[in-house]
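Novice: As they're listed, the protein sequences go chains A and B. Residues in the first sequence are numbered consecutively from 1, following my numbering. Residues in the second sequence are numbered consecutively from 1, following my numbering.
To be clear, the hints were calculated from the coordinates, so they are not data collected in a lab. Since the model is a prediction, treat every value here as computed from it, not as a measurement. All C-beta atoms, glycine included, are put in the ideal place defined by N, C-alpha and C. It cannot be assumed that every hint is accurate.
Just the calculated beta-carbon pair ranges, DEER-fashion [claimed, not checked]:
hint	chain 1	residue 1	chain 2	residue 2	range
1	A	Leu17	B	Thr676	48 to 56 Å
2	B	Glu609	A	Lys130	27 to 35 Å
3	B	Ile603	A	Lys124	25 to 33 Å
4	A	Gln109	B	Glu535	18 to 26 Å
5	A	Gln109	B	Thr676	47 to 55 Å
6	A	Arg82	B	Glu517	17 to 25 Å
7	B	Thr676	A	Arg82	46 to 54 Å
8	B	Glu535	A	Lys124	35 to 43 Å
9	B	Leu504	A	Ser83	58 to 66 Å
10	B	Val520	A	Leu17	47 to 55 Å
11	A	Arg82	B	Thr514	39 to 47 Å
12	B	Thr676	A	Ser83	50 to 58 Å
13	A	Lys124	B	Glu517	47 to 55 Å
Listed next, the in silico SDA-like pairs over lysine to any residue satisfying Cα-Cα at most 25 Å (straight line) [to be verified]:
hint	chain 1	residue 1	chain 2	residue 2
14	A	Lys118	B	Leu560
15	A	Lys24	B	Asp235
16	B	Lys82	B	Lys496
17	A	Lys118	B	Ala551
Stretch-level coverage of chain B by chain A, calculated; a stretch enters the list once three of its residues show a Cβ under 8 Å from a Cβ in chain A [claimed, not checked]:
hint	segment
18	548-558
19	582-594
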Amino acid sequence: MRPCTILYAEDEPDDILFLERAFKSAGLPHTLNAVSDGEEALQYLAGEGPFTDRARYPLPDLILLDINMPKQSGLDVLARLRSQPNFKSLPVLIFTSSSRSEDMERARQLGAGDYLLKPSDPLKLRELAKSLHDRWLSQPAAAINP
Amino acid sequence: MKQHPRKKRHTPAGGEKAPNSFAATPTSKANQFHRRPTGNGKEEILRAYQAVKSLNALEQREEASSRQGHTDLAQRMAGLQKGNRKIRDWRRAAVNVIEDDVRSRQATESVNADLRESERRFRQMIDALPAAVYTTDAQGRLTHFNPACIEFSGRTPELGTDQWCVSWKLYHADGTPMPHDECPMAIALKEGRIVRGVEAIVERPDGTRLWFAPYPTPLRDAEGKTIGGVNMLLDITERKRAEIVTASLAAIVESSDDAIISKDLNGVITSWNKGAERLFGYMAREVTGKPITLLIPPDRQQEEPKILERIGRGERVEHFETVRVCKNGSLIDISLTISPLRDSAGRIIGASKIARDITERKRAEKALRASEERFRTLFDLGPVAVYSIDTSGVIQNFNRRAAELWGRAPASGDTDERFCGSYKLFRPDGSFMPHDQCPMAEVVSGKIPGARDAEVLIERPDGSRVTVVVNICPLKNEQGEITGAINCFYDITERKQAERQLALARAQLADRATQLEALVAERTATLQDTVSELEHFSYTITHDMRAPLRAMQGFAGILLNDAADRLTPESAGYLRRIMIAAHRMDALIQDSLQYAKIVREQIPLAPVEPGPVLRAILDSYPSLQPPQVEIHLVEPLPPVIANEAGLGQCFSNVLVNAIKFVKPGIVPRVRIWAETRASFVRFWFEDNGIGIPTEYQERIFGMFQQLDKSYEGTGIGLALVRKTAQRMEGKVGVESESGRGSRFWLEFKKPLDTPLH
C-alpha cells in the first residue's frame, strides 16, 4: 500500500482532526495535508507562498474540498483547477455538509470526481476513509506533469 | 189662322166623313161642282178634300202617336215634332189655301173658273208637298203624282201604266221583297180600307234604299164606292236611323254597369236602367214616376234643389261625390255626373244622371290614407332623422327628428336651403364642409353611389354640435335617372363620447396595468430577494450549526474510544448521552434543511416505479432489514406520477415511523401493498405498532409534533412527508386505533396512459 498525499481544504479544524483519526483508525498510511481556505489550496497546488517546499508539501494524489470556506470556496477552487491542464487528471472531490442540490449540480458541472457528504458519526467517517482509499488511492500513482 | 168651329156633319151614305172645317158642307159643295160640265171637278175637289182629310187624320194620328211615344229621347221627339209641325204647317197652309179658294169660289159666278182655279191650287198644293203623294183609280192605276214622287222613287212614274205604287221595288220591313200588288195601297184599294202603321223599304233604280211609311186612303164617291185612292209616302229614313240610334243608345244605357237615371225638372224619375236597378235595388217599374228624393238620405235632401238649379242654368255637374240610400236602407258612396237634357229647341226639359258606386274606391282611399298615416307617423315620430331632396338639392320632406338634430326647421321647398337643413357642417376632422359638398350633394349629383355610416358634424344655430352618422340612397325614376336622394341619419354624439371615454379608460387601464406590473415585478424581485436571503440565511445557520455538532459528537466519540479505560461507567454514559443529544440535534437540523428544500425547490414529476424505490430503501437501511424488522411488499405496485427522490423520502420516513412505534420486545412488522383507484394509487403501510388515538391523528402531521417523547424522533418526519407528498400532488393519511397498529397511506396520481390492472 503506497502512502499517498491528500490535500484537504477545510476551514473547520475539528473536521480535519476527525478525518485524520478516521484514516488512522482505518489503518491507512495516507498523509492528510490541510489548508484552511481556497486561496491556500491554490497556493499549495502552485507551490507558491508558504508551500514552495515540495518535499514538505508534495503534490497530492487526491484533493478534498469543502465548499464553505473563506476567500475562495471549494467550487471556485474546483473551477480554477479544471481550467488548468496540469491538474485535469487529478481527482478532486467535494467533501461538504451541504446537501443543497445547487451545490451538487455545480460540482458536477465543474467536473468534481465525487460529491461526498460529511457524516457526523465517527464510524461512518471511518467507512468513508476506507472507500476513498479503495476508490482513489489504491492504484499506482497518476502521471503528473511537473 | 182662324180655326173654324167643328160642326156635326151630315154623314153621306158610304160612311166617309168629310172635313168639317168649312161653313158649307163639302157635299153640297161637291154637288155644286158636280153639276158643272166638267165632271172631274167634283171628283178632283173631293179627292183634294180627301187628301186634306187624310192629312188631318194623319196629323191627329201623329199627335196621338207622338203623345204615346218614347218620352225619354228628346231627339226623337224633336224629330217627330219637327215632322209633325211641318205637316201641321203644311196642312194649315193647305187649309188656308183651300179656304181662300172656297171663299173665292163662292164669291165668283164662274164656277168653272173657280173650279179650275181650285183644281190648279189643289194640284199646286199637292205638288208643293215635300212628301210623295199620288192618286190612283179604283184599279190602282196611277192618275196623278207629285214631283216629290220622282225624288222618292228615283224614277218618273208613268200615268196610267204604273199600278199601285210609284216605286221601282218594294221590300217588307224584314227585307223580304214586296210585290206591288201586295203593297199597303193595293190592300187599301182592294179591301177598301185605310191602312196605317206599315213600315216598308223602297229601292230606287240606282240601288239606294229608303225606309218609308205609306198612308194609303181609298177615295169614295157619294154612294161610298171606291173610286180611287190617295197615298202619301213619308220618308222615315231619318226616323228609322234615329230609331236605330235610339235603340243603340237604349241598349248602351241598359247594358251599362253605371246607374243611368233621367228625371224631369221636378225631379221625377223618368228612366231607370239595369245598372240603377243593381245599384239601388229598385226595379224600374218601382221608381219610374217617383221623385228622385227617395234615394237621397234625409241629411242630404238639400242637394237636389241645388242640383236642379244648376241643371236649370245649363250647367253640368261632374264627379259629385255624395251618399245615397238603397231600397234596403243601406247607404252607398257614389259619384254623380249630371247633365241637362234638352229638347230640339234647346230647352232644358230634365236631367240625366250617371251614378257610379265608389264604395270600393272610398275604401281603398281610406286604407291608403290609413297606411299613409301610419307611414307618416313612423316617418315623423321615428327616432331616426329622415329627409329628402330633389336633384337641385331643395328639401322635399323632413321629419321631426331631423329638425331636432339640425336645431332648426327649414321651410320645405325653400330654394335657398340646399342639400341639408343644418346651420353648419363639418367633416370628422373638424374642417368646414360647405353644404354643396356634403355627402347628400355628392349622391344626388351622382358623384358617389350612396353613403353608409359616414360621419358628419352638425353645428346648430345655438352653437352646439352633434356628431351624426348618415346613410344616403339616391331616388331614381323608372328610367334609372336620379330624381333626388333620401338621408337617414342619427346622433352618435353620445356614442363618440363613450368611445372617447372608453379609449381613455383603456389607456388609463393600460398605464395602470403597466404600473402594476412594474410594481408586482418590483415586489416579486424584492420578495425573491428576501426569500433568497432567508434561504441563504437559514441554510447558512443550519449548515454552520452542524459543524459544532460534529465536533461534539466527534470528541465525545474520541474520548469514549481513547480514554475508555480511564472512564467510569457513569462518565462513559454521560459521554454517550452527549453524542446522542448532538445526533438528535443534527437530525433535527437535517430534517429542517430537507423541509426547507422541499418547500423551496421545484420538483419535476414523471411516472415512477415505486417497487425499485422501496427496495433501494430497504437495501440501504440496515435498520429496515431482517431480523430487526419484517417488511413485506405485496405486488403489484403500479407506477405513479411523482419525483423519485421525493417518493423515496416519503417512503423512508413512513417506514421509519412504522417500525419505530412498537411495544418493547415486539418485532416490528410492516405490510406494504397498493390500492388502485380511478385516477390515483394508494400505498398502504400497515404496522403492528402502538397505534394512534383518533384525536391525534391529524396533529402528527404537524411540525415538531411528537406524541410520545419516549420514542426517538425529530417531530418533523411526518410533516416532511406531507409537504413532499403535497408537492408531488399526492396525499398522506392514517387509519389507526390506539393499541391496534396503524395503517398509513400515501396516495399519488396515476399516469394517464396506464393500462388498467
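Novice: Next step is simple, just say for each hint if it's right about the structure.
Specialist: How the hints compare with the structure:
1. A:Leu17 with B:Thr676: 48 to 56 Å: Distance hint for Leu17 (chain A), Thr676 (chain B) holds at roughly 54 Å.
2. B:Glu609 with A:Lys130: 27 to 35 Å: Since Glu609 (chain B) and Lys130 (chain A) have Cβ atoms about 32 Å apart, the given range 27 to 35 Å holds.
3. B:Ile603 with A:Lys124: 25 to 33 Å: holds, 28 Å
4. A:Gln109 with B:Glu535: 18 to 26 Å: Check passed, 21 Å falls within 18 to 26 Å.
5. A:Gln109 with B:Thr676: 47 to 55 Å: violated, 40 Å
6. A:Arg82 with B:Glu517: 17 to 25 Å: Because 42 Å falls outside the window, the suggested range is violated.
7. B:Thr676 with A:Arg82: 46 to 54 Å: Taking Cβ atoms as reference, Thr676 (chain B) and Arg82 (chain A) lie about 49 Å apart, which means the hint holds.
8. B:Glu535 with A:Lys124: 35 to 43 Å: Roughly 28 Å apart at Cβ, these two residues miss the hinted range, so it is violated.
9. B:Leu504 with A:Ser83: 58 to 66 Å: holds, 60 Å
10. B:Val520 with A:Leu17: 47 to 55 Å: For Val520 (chain B) and Leu17 (chain A) the Cβ distance comes to about 52 Å; the hint holds.
11. A:Arg82 with B:Thr514: 39 to 47 Å: Holds - the Cβ-Cβ distance for Arg82 (chain A) and Thr514 (chain B), about 45 Å, lies within 39 to 47 Å.
12. B:Thr676 with A:Ser83: 50 to 58 Å: holds, 53 Å
13. A:Lys124 with B:Glu517: 47 to 55 Å: Since Lys124 (chain A) and Glu517 (chain B) have Cβ atoms about 52 Å apart, the given range 47 to 55 Å holds.
14. A:Lys118 with B:Leu560: holds, 21 Å
15. A:Lys24 with B:Asp235: Violated: Lys24 (chain A) and Asp235 (chain B) sit about 179 Å apart, past 25 Å.
16. B:Lys82 with B:Lys496: violated, 92 Å
17. A:Lys118 with B:Ala551: Answer holds: Lys118 (chain A) to Ala551 (chain B) is near 12 Å, not above 25 Å.
18. 548-558: holds (count 8)
19. 582-594: holds (count 6)
The structure fails to meet hints 5, 6, 8, 15 and 16 from the earlier list, while all remaining hints are met.
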